[in-house]
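A.B. asks: Protein chains in written order, with our numbering: chain F, 1 to 476; chain H, 477 to 958; chain B, 959 to 1053.
Where hints are given, some of them may not hold.
Result set (BS3-like, lysine-lysine): computed pairs, CA atoms no more than 27 Å apart in a straight line [stated by the list, open to error]:
| no. | chain 1 | residue 1 | chain 2 | residue 2 |
| --- | --- | --- | --- | --- |
| 1 | B | Lys987 | H | Lys762 |
| 2 | H | Lys920 | H | Lys887 |
| 3 | H | Lys490 | B | Lys1040 |
| 4 | B | Lys1040 | B | Lys1050 |
| 5 | B | Lys981 | H | Lys887 |
| 6 | F | Lys79 | H | Lys738 |
| 7 | F | Lys129 | H | Lys810 |
| 8 | H | Lys738 | F | Lys129 |
| 9 | F | Lys163 | F | Lys387 |
| 10 | B | Lys1040 | H | Lys887 |
| 11 | F | Lys129 | B | Lys987 |
| 12 | B | Lys987 | H | Lys810 |
| 13 | F | Lys224 | F | Lys206 |
| 14 | H | Lys813 | B | Lys1050 |
| 15 | F | Lys129 | B | Lys981 |
| 16 | H | Lys810 | B | Lys1050 |
| 17 | F | Lys387 | F | Lys254 |
| 18 | F | Lys254 | B | Lys1050 |
| 19 | F | Lys79 | F | Lys163 |
| 20 | H | Lys709 | B | Lys981 |
| 21 | B | Lys1050 | H | Lys738 |
| 22 | F | Lys443 | F | Lys306 |
| 23 | F | Lys254 | F | Lys206 |
| 24 | H | Lys887 | B | Lys1050 |
| 25 | F | Lys129 | F | Lys79 |
| 26 | B | Lys1036 | F | Lys129 |
| 27 | H | Lys492 | B | Lys981 |
| 28 | F | Lys387 | F | Lys357 |
| 29 | H | Lys567 | H | Lys738 |
| 30 | F | Lys214 | H | Lys567 |
| 31 | H | Lys864 | H | Lys709 |
| 32 | B | Lys1036 | H | Lys813 |
| 33 | F | Lys79 | H | Lys920 |
Far from chain B by the CB rule (all over 10 Å, computed), these chain H residues [as the list claims (entries may be wrong)]:
| no. | residue |
| --- | --- |
| 34 | Leu510 |
| 35 | Gln571 |
| 36 | Gly669 |
| 37 | Pro780 |
| 38 | Ser791 |
| 39 | Asp798 |
| 40 | Leu812 |
No wet-lab data here; the hints were simulated from the structure. Ideal Cβ positions, reconstructed from N, Cα and C, are used throughout, including at glycine.
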Amino acid sequence: MQWETVIGLEIHAQLATKSKIFSGAATLYGAEPNTQACAIDLGLPGVLPVLNQEAVKMAVKFGLAIGAEVSPRSVFARKNYFYPDLPKGYQISQFDLPVVSTGETTIVVDGEEKVIGITRAHLEEDAGKSLHEDFEGHTGIDLNRAGTPLLEIVSEPDMRSAKEAVAYMKKLHALVRYLEICDGNMQEGSFRCDANVSIRPKGQEKFGTRAEIKNLNSFRFVEKAINYEVLRQIEILENGGTIVQETRLYDANKDETRSMRSKEEANDYRYFPDPDLLPLEIDANFIESVRTQLPELPDQKKLRFKAQYSLNDYDAEVLTATRELASYFEQVALLSGSDPKLCANWVMGDLAAALNKAGLEIEESPVDPQRLAGLIQRIADDTISGKIAKHVFEGLWASLESADAIIDREGLRQITDTGAIEAIIDAIIAENPAQVEGYRSGKDKLFGFFVGQAMKATEGKANPAQLNELLKKKLS
Amino acid sequence: MHEKTIRELSEGLKSKAFSSLELTESFLQRIDRLDPSINAFITVTPERALEAAKAADVALSGGTAGPLTGIPIAQKDIFCTEGVRSSCGSKMLDQFISPYNATVVDRLNAAGTVMLGKLNMDEFAMGSSNETSFYGPVKNPWNLETVPGGSSGGSAAAIAARLVPGATGTDTGGSIRQPAAFCGITGIKPTYGLVSRWGMIAFASSLDQAGPMAKTAEDCAWLLEAMAGFDPKDSTSIERPKEIYSQGLDKSLQGLRIGLPKEFFGEGLDPDIHQAIQTAIGEIEKLGATVKAISLPHMHLSGPAYYVVAPAECSSNLARLDGVRYGYRAENPKDLKDLYMRSRGEGFGAEVKRRILIGTYALSAGYYDAYYLKAQKIRRLISDDFKKAFEEVDVIMGPTSPSVAFQFGEKSQDPIAMYLSDIYTIAVNLAGLPGMSVPVGFSKGLPIGMQLIGNYFSEHRLLNVAHRYQGVTDWHQQSPKL
Amino acid sequence: MSLTSDEVNRIAFLARLAIDPDKIDAYAKDLSGIMNFIDEMSAIDTETVLPMAHPLDQAQRLRPDEVTEHNQREAFQKIAPKVEAGLYLVPKVIE
């Protein structure tokens, strides 16, 4: 039987506000337990939530960026359930009237474009954290994270492979960072997702029963968890079993998903409008003012890069993957005033490799755009060859010197003086009569010998094109 | 001294007839002597009170005193008071020392009042007789065999027994007005959003509203003036210019249009109460008002709608009481479920449990539309009835409660009978309107209350009407023999 | 409308309320009575009526994004039943 995988993702993006969604406590990561949990976050008696306007603005930004409708009126509802990391016994979320509805985004997988529908995005508060280790027979509860604003972005079940799911998640990751509404730090849980996975016989329209894999916080885990889950479901169905609709947890150490016992008991969340919070109204003027503040988005930027810099699709895609990388490239291109393709090659090639090796992000690069541009200018004006440039780049990486300073200090300037090159060629011809004889009698391969000798004599600094041309003339 | 109104006490303090310290000591002594038989207080805070009284005396001598400086009051135990137990009448919060003040408490403190202690109440304000309090029932000072009403029964009884000249109450379905009626005092539930709910332990968030209780409408006006006002910590608090309720109380009632809904005078109303209300309305007519018969056709559905909305909200509001971060925690829980089930099972009393169960049921899958949504629609119909009525009249009048104070145990075994004692008050909460109760007579030695209902933000008018009425009657001056 | 003991048990679990097994029947009776009282609502047609969630017909007021609260862990945990190393402790949770 041929099976088709169906995946929908619920992405939780922590919004990069200074204070929490309903309280004035800080949202900084890594504070001592419960030092950033105020009376509201702790659900003490008599406290009341007041919504953070910046969280609303960020949700609107996101809605506009995916071409969605921003609801002029949305409602906060209570999702009721008991769990120790949920202090009030309910989560304030949005249920039937979310702030953002029906948008979409385009992903590219194996060169193919695909549109993924986004059903909705709504504002809600995060829960605290349970620490299961360390306390003999007890779980410790840290409520610092409780009340951190989240934007939950729910996709349509439009993805058909783990690869597409990862591409979609990466796309949204880039988008929220472009919009500066989420720091995207997946290790800290700022950007995470639940994956709804089901399979169905190819050609069948009806969806299969889905399992929800909770709390995936890396692209790799998303891919591995989905792939494991698909195989698990195929095995069950092919052995005549049925899939149970349930919540599962991905165990990265064992690379498997397992059923979550704590969620076994049937949930009945008893959603109802939060009586502490009146409807959220967003007027058209506000939406327009946010629209004017939107930055250039990844898709727009990619199109512009292709047009403005004559880059191919692949280069434009890579360079616009993050706002920081795109900005770095644009500064190099501007400062060097050189061929953008050359700039792109350096940013995506030697620089990216060095960053990768050192485990650094582009914004942490020891070589700033100014100095890389300086290097590229010297390649473009033939001061140095591409090969020498690689050596100079190592110098840039290791010091704060400019390319010019390194070239001058190490005497790396290319020899472009025809007279000087001719003199060297003359000396080589004089010293190697046998090879000259051989070349002239038809052994073309000997040409490389002369190039090598000339480069050796000039320590690689002879302009290669010029050298070739003069050698050919002298040897003929 | 304890028979004086707040206004009279304020004059006495200003003229140095007595000091706040003397006044405070006198009330504390009276509480010591009489409260054991009334049980109006859960916690008395004499040290704090004396300290606050001394500070008030300094302000009084220094000329920085306001009208309420040095006036003893007490807070319903639903209000969080920093450093003082804030139990909400429940075992669940018996050990809860609040780390902060309710806004109402802050405001009354800032006005210079002297808090004598925390007043008894039905557990989490759920009750109409004060019999659900973990701290035992409050006795009605007019007859110790009868209930004081609820849930602000401690507040009403304390004022009636002259243990304190004024107090705070909260009203979710009649919890200020009904006990005020039963105890023969005056109380006002303001428009929803006028008084901040911050630090007031929530029962049903869309219905709860705090208000003052005192002997007279004038005293209520003074207290409300201090309590009301915008609070950024409550997003349902209304931003509007501050009103001076203490001024304009003597305004003429000439041309005042009174509406008498026929639904308020039907079956189930005690004939003595009916008679007393008619007499009172006659007095107000003499002051220049006119009367018009009106109808609130969906009135009879306010009880059913209320007993969905209030329990639904409370089932969620009380979920935070789980024995994890504060409050009662069952001993030796064997697992998390046991911790939750027993902490809540042992910490809450029977009526609170009933309401949580009803609310949970009404919101549960498959029942939401039939109950919660339906109740919200009826709420709209009730609210629209009032809107229509206020196109024709200025104030609606009727009984506060269908009966006078009943005996202990008379209704506590029958929830529906108990719920029916609020039939005239709950519609006001569903609509969010201001409502008042003023004493208008007695039946079998027990006080009768008349309810005044106004349009949104018409507190000023209600207080004006009540004050003028109290100018020509003396029901509010009667006090029980203790 | 009448609630069975099983339904009472189900709701009591949803609400995490331990109820003495001896009292389940009494609760079932009380709750059935209350539900009957509530069921009066069904007599009226509300098809075209807009639900009213709140007495205030207003929009929600928002607050600026400012950090106004600071660490009060000590004060808050003084009233906590069981804490260790700044954490609230509950019986072991198994996921």
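A.B. asks: Check each numbered hint against the structure and report the violated ones by number, ascending.
C.D. replies: 1, 3, 6, 8, 9, 10, 11, 12, 15, 17, 19, 20, 21, 22, 23, 24, 27, 29, 30, 31, 33, 35, 36, 37, 38, 39, 40
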